[in-house]
Amino acid sequence: MKNVRIWFKKDFECRYISHLDLNRTMLRALHKSKIPIWHTEGFNPHPFATFPLPLSLGFRGVNECMDVRLEDEDYSFEEIKDKLNDCLPRGIRVFNVTEAIMKAGKVAFASFTIKLSLPNKPSGLVCRQLEELLSQSTIEVEKKSKKGIKTVDIKQGIKEYSVKEQFDFAELDIVLAAGSSDNVNPNLLISALESRTGEEYETDVTRNDLYTENSEPFR
Amino acid sequence: MVSKEVEKLLLKVQKPGRYVGGELNEVIKDKRKVAVRFAFCFPDTYEVGMSHLGMKILYSQFNKVEDIWCERVFAPWVDMEEEMRKHNIPLYALESGDPLSDFDFIGFTLQYELSFSNMLNMLRLGNVPITTKKRGEELKNIVVAGGPCACNPEPVADFVDLFFIGEGEEVDLEVIDLFRKCKAEGKSKSEFLRMCADIEGVYVPSLYEVDYNPDGTIKSFMPKDGAPAVIHKRLMTDMDSSYYPDNFIVPLVEIVHDRAVQEIFRGCIRGCRFCQAGFIYRPVREKSPDTINAQCRALCENTGYDEVSLSSLSSSDYSRIVELLEKLLEWTGDEKVSISLPSLRVDGFTDEIMNKIKTVRKSGLTFAPEAGSQRMRDVINKNVQHDELMQTCATAFAGGWTTVKLYFMIGLPTETMDDVADIAHLGQDVVNTYYNTPNRSKGKSVRVTVSASSFVPKPFTPFQWEPQDTIPVLHEKQKHIIDSITSKKIQFNYHDADTSFLEAVFARGDRKLCRVMELACDRGFHFDGWNDCFRLEKWLELFEECGIDPAFYANRRRDFDEILPWDHIDYGVTKRFLQKECQKAYNNQTTPHCRLECSGCGAAKYGKGVCFEKRQDMV
Ligand code: SF4
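Just so you know, the sequences run in chain order G and C. Just so we're aligned: the first sequence equals residues 1 to 219 in the numbering used here. Just so we're aligned: the second sequence equals residues 1 to 619 in the numbering used here.
Pairs of lysine-lysine, DSS-like flavour, derived with a Cα cap of 27 Å:
| no. | chain 1 | residue 1 | chain 2 | residue 2 |
| --- | --- | --- | --- | --- |
| 1 | G | K115 | C | K12 |
| 2 | C | K4 | G | K9 |
| 3 | C | K31 | C | K181 |
| 4 | G | K121 | C | K4 |
| 5 | G | K146 | C | K15 |
| 6 | G | K144 | C | K12 |
Honestly, the hints are just simulated from the structure, not real lab data.
In isolation and in its complexed conformation, chain G is listed as follows:
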């Protein structure tokens, strides 16, 4: 048995499916592909797969991953990639298969590219609004959880960022905490911006890469 990490992109139509739907889609593709991976036992066995870091509905992901346990250790990674791609919708593309080198729990940060725009307003304005928000010493935002709504400060969870003015949008590259206890969803940042300026932005969020505590790429 070998732990294998499957790397994929989630975009186009599949950008609009939830993590739960992604999970089901992946399990079905694994089942259809007949790749020899370990199944859960019991009455209704199904392929076993875990995701180191779920992606929110609406985000694009260009370097996403899923872990499975390969029963046949000699099975080629290339074949896993090809077979799975044949069984997946076009919005999910596997581009690499590797051994799972790090434990899933090692993920501590994730980098994002967030494009923001306001209809009929210059992108320079949005850039300034972003800079202003991000230079605050605290960024408070209401966060909904199972226990109710509470106010949190997300400033601590922002590791680094840069704002670029593009032709018709502001581009924010940002690294956010993504660990199990500390994490900031880009949607929180967007709602912090919206409540500060009172505007409603058009947004396009892409998650790029995952990193460990000491900024090594997650492998």
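Put chain C with the ligand on the given structure of chain G with help from the hints.
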């Protein structure tokens, strides 16, 4: 394919995954290279529509023809509809993203009466005029419809250019062939429709004139322009050679029935007198176990589904069910595929079948005795005995099951309050049976769910002349069941009587209702099948405004010699037979099912199916 404009809306609505397409096995073609574009519309949400077998069959069958591109359209949920209206985005097909108004054919499947308002709403959202008259003479945007509600098409006759009567597999393609020809010859839409009327199984409502008596009943129904006086249904005579997809679209989001579905036969041998499906799909025609087995396997391979459901009106009536299950179990275990067998009859739940399904999956048990008292079950011809039900439940309890769901109907013809109370008593008997079963699951309690829906008289059934109970009477009966339940082990659910009333109005409506439908569309009615949207008061206002009394359709007893709005349509079962069955119901007499004895319903004229099986070697 989603346009940039639509993308902007998707993050504002619930479950955006249902508006994007892009699923595995979706068919994409080059629109410049196809001759016929067909929009298959399901007048309900994506999750409901994608679960529908008929749509999967026709989608796949159409797209197998190179120059036809069939795409899917569903009703956007209210939040999405609002966004689309606000931003002027017309209803579009999932595959190409093109608006409905771009299509040659706009086809609806009408599965339930309460989806009529969605059909009109979808046309309007797609910028297609809702009435045949206003759509003009150009040979495009031809609105067609099929499905069980097409058996009485009259309430929507003004909106649909042509109806497919019966099973669509062959007749759809014949109509499309004619379309290609007419298009090449530059024919107008009315010329095309007139020619379509000569195809068996096609009904063109604009070719008929209806006259009414002063009391509102039909005086005459006359074909114009040489159209046939009677429209005969189409049906597939050989199920083994009938088209069946080897592939389904696999949705990205969870749908209602998220599994492979394998049809095992059409029709039903039983003839329960309230059940429309039991008559309009006659005669029973089975697929062979080998065909089913091969089709199941292909479906599972191509979709990745790990569950396959054997679909029919009553799976245990499949004549070779044990042989079939044995064949399936040869590979499903290794492939980790489970089989589910819905629509089991009380008397079909044998040890042998149970053991076979149990090896794969143990799901909840559901039975439909439909009525509480034996007399009432005889009236509706539900040939299930009290002892049989108890025996079956005992078998199930001994096999480890602890929950049973029982489905009933209230408001059936001749029903008394005692019959109604017997629904509760039957539930109690099941509870008692549990405690009297010696080898039941130890330490567990039993749960019996009793559900009661309200009887809706439907066309082409022996009860098509019957009045529906009024809403207050139905409420009284619901309350009577609640009062008659004494055990906490029984949970009681009932369907909203308001919904059943409107369903009854449309099920047996005539063309006068088209005005109400049109007004409903103007007022933005939609999703009447959903409690979120349905308000009977709003409909009652419309009826009032149109000067129409809905009780005329729902609560009136019709004479046997009244011309019924659907009398010009022939589903194989004769009116004389239905009358005989109705009389027998009044006398509490049952009719044996097709495998025991032929009752001469008329469906033998198709020359195939159960009518020609040898009876002596039947169980
Ligand atoms: S003709 Fe006889 S056997 Fe055939 S469907 Fe009718 S009742 Fe059944």
